[in-house]
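Trainee: Please put together the full structure from these sequences, using the hints given.
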Amino acid sequence: MSDRLIRPPDPRAHRIEDQTDRVHRIARLLTARRADASAPEGAGPSLTDRAVLLADEVRARTDELEHALDLLNESNARLAAANRATEAARADLANAIETLQEGFALFDEADHLVLCNSRFVMQMPDVREQLRPGLGFQAYVEAVSRSRFLTLPDGDTAADWADRRIARHRDNLHTVINISLLGHRWIQVSDHRTQDGKTVILQTDITDIMRSERRERSRMLDDQARMVRATLEHINQGVCIFDPEKRLVGWNRKVGAMLSIPVAQFRLGADFDRLFGQLAADPALQVDTDPEALLTWVHRTDRRPPLQFGLARGEALVLEALAEEMPDRGFVISFSDVTAARRAAGALAEAKTHLEQRVLERTLDLEDALSVAERANASKSRFVAAASHDLLQPLSAARLYVSSIVEDLAQPDHREVLSRAETALESVEGILEALLDISTLDSGQAAISPEPVGIRDLFARLQTGFAPHAALKGLDLRVMPRDLTVRTDPGYIRRILQNLVSNAIRYTETGRVLVGARRQGASLRLEVWDTGPGIAEEDQEAIFREFHRLNARASASEGMGLGLAIVERACARLGHPLGLWSRPGRGSGFFVTVPLAEPAPVGPPAQPLPEAAPGLVALLIEDDPEIRRALPMLVRRWGVDVLDVADADEALALLAEIDLKPDAALIDDRLGTGTGLEALDRIEARYGPIPARIVSANRSPDFAAACRARGVQILPKPLSPEPLRAFFADVSRRRNGQD
1 MSDRLIRPPD
11 PRAHRIEDQT
21 DRVHRIARLL
31 TARRADASAP
41 EGAGPSLTDR
51 AVLLADEVRA
61 RTDELEHALD
71 LLNESNARLA
81 AANRATEAAR
91 ADLANAIETL
101 QEGFALFDEA
111 DHLVLCNSRF
121 VMQMPDVREQ
131 LRPGLGFQAY
141 VEAVSRSRFL
151 TLPDGDTAAD
161 WADRRIARHR
171 DNLHTVINIS
181 LLGHRWIQVS
191 DHRTQDGKTV
201 ILQTDITDIM
211 RSERRERSRM
221 LDDQARMVRA
231 TLEHINQGVC
241 IFDPEKRLVG
251 WNRKVGAMLS
261 IPVAQFRLGA
271 DFDRLFGQLA
281 ADPALQVDTD
291 PEALLTWVHR
301 TDRRPPLQFG
311 LARGEALVLE
321 ALAEEMPDRG
331 FVISFSDVTA
341 ARRAAGALAE
351 AKTHLEQRVL
361 ERTLDLEDAL
371 SVAERANASK
381 SRFVAAASHD
391 LLQPLSAARL
401 YVSSIVEDLA
411 QPDHREVLSR
421 AETALESVEG
431 ILEALLDIST
441 LDSGQAAISP
451 EPVGIRDLFA
461 RLQTGFAPHA
471 ALKGLDLRVM
481 PRDLTVRTDP
491 GYIRRILQNL
501 VSNAIRYTET
511 GRVLVGARRQ
521 GASLRLEVWD
531 TGPGIAEEDQ
541 EAIFREFHRL
551 NARASASEGM
561 GLGLAIVERA
571 CARLGHPLGL
581 WSRPGRGSGF
591 FVTVPLAEPA
601 PVGPPAQPLP
611 EAAPGLVALL
621 IEDDPEIRRA
631 LPMLVRRWGV
641 DVLDVADADE
651 ALALLAEIDL
661 KPDAALIDDR
671 LGTGTGLEAL
681 DRIEARYGPI
691 PARIVSANRS
701 PDFAAACRAR
711 GVQILPKPLS
721 PEPLRAFFAD
731 VSRRRNGQD
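In case it helps, the UniProt record's numbering puts the sequence shown at residues 1 to 739.
Just so you know, these hints were derived from the structure itself, not from any lab. No residue lacks a Cβ here, since even glycine has one placed at the ideal position from N, Cα and C. Hints should not be assumed to be uniformly reliable.
[Claimed, not checked] Cβ pair distances, simulated, as ranges: (1) S118 <-> I177: 21 to 27 Å; (2) I177 <-> V332: 35 to 41 Å; (3) Q188 <-> R329: 31 to 37 Å; (4) I209 <-> R78: 49 to 55 Å; (5) R362 <-> P595: 40 to 46 Å; (6) L660 <-> L580: 57 to 63 Å; (7) R300 <-> R219: 31 to 37 Å; (8) Q286 <-> P153: 48 to 54 Å.
Mentor: This is the structure in structure tokens:
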């Protein structure tokens, strides 16, 4: 291998040659000067002087030449020693490379071969002959790709293999590939790029490793095959496996039992067409797909999509089959016994039919029950309305009687008795109104009219209305006003807060009751807090039930347990979330969340109502004689004269007799010969518009809408003196031109 190494030049040899050339030039110069010695006298220095000088110079140059020759000899000796050391090193390197058990080659920065050992590509003798120093890497790869000892991958050409090999060498600093050779041999080729750009290639014979791996893989495949066979035998499905040539390569015994094919017919390599022909010839076996379609699927040359079909032997056996292609173009057909499932499905369908019939029957029963319940509810609502009317009639008369005489009594004890009677009547009135409210809310007929409601005015009414009650119990009632506006029904939100504050005062013995509002984004949370006994957690749902009171010893005058029931129903109807916090011994808090709204436009301030309305003539149409007697006694104190009649016919006859148009009219909604609105229509048809109020206990939305459409307001029963007085005062003011 030493004849392939290049010997580098020694720079010292060049310096010795320069010295030798210099000595020769000096010698030529001296010779020329000797020739000039024969020149005549007087032409220059004396010949003797010149000869002496020349002799001295020749000696000096001769000494220099001898010294230079000594240096040259010494340098040559050193160079020879260096060459011997280099040759020894190259021999050692060659011997070391030869001792490697792997093939070794070195390519320089330009990808030209520098040297290689004898094991490099020894498996390819036809390539080995072409290895010479200076051989390019691409030429080396192309020679390997054309070697008759190389086994190319399926579908590859020599050019394809060479292009991939060169690309990997160019794009990677380190490359490892396995090359298959004839005779089931393999070598592993590793390219390693050095820091100075050279390439070292190592070739390792991995035949033993590959054969060992193949043996291990074959053993594992055998084990897997046994596991697959065991698995096939233990699954509940029948399975047939076919290779790409449509030949049977795997099956289990269950498929033979399912298809009633003798075990001898299932043999390795059996053709699919022959097996399917035997099945198709069985007259007892029905296939729910076209046999030609199944054969077409099996013989397709492109990808086969999954195929499902069914087989049956009457009702005794029903099979579902699924055929799917495998990655190697073989296919698997599995058969599942669905006989029990089909029978269960049939039984389920029959049960479903019976169930649907029963559901239909129950639905009809429920519809009948619902119709009965609706009729009962409607009947209940009519009964409550009628009962309320009948109950409120005498109650209205009683309150009017009491209000008419309480101021005329001189003795204080008589006034106290009447005051207590009026309080009792107010309690009865409150209970009846609560019953009416619950009935209306439960029936879903509550009239809801959301509008902007000012919190300051709402809270001011609560302060005015409940401050005396709180003071009587020694409680501190604090109402924190807020200049905000919410959108809600003003009547219901006032009733909700009144019930909450009333409950708080009723159940709080000492301390205070706080009413406030807390802003939460686009909503306002109205809060009522007390320092009462609190409510245990297990009772916090029960308190919203009708007639439920935590203090069972409370008297009827303290409420019938309807307040919170109305609060819950009203909040639900309004869509206002209702919350509760309570701890026994610490008090309770109720919260109603209401959406905020823009403030309503501020109108002109209301004119104060006069204390009396002298000179007014009012028409009262009421079929209850007690109210016809009691109401004139009350309003006469305010200067109002009353024409009381029982129905519209009597009213028209009386007005015609006295030839008078009344200043105002109070008409009961339920008359013996018609409704209050009908009576008002008849009177106004003859006398023109008259300020009027309809007196009624009817809280239904339809009735309220009918009155609004007619342009007349409702005075709710039982009648109270305050709204009556306000009505007559307003009529008096309009008549006097003060509006």
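Trainee: Okay, which hints does this one fail, numbers in order?
Mentor: none
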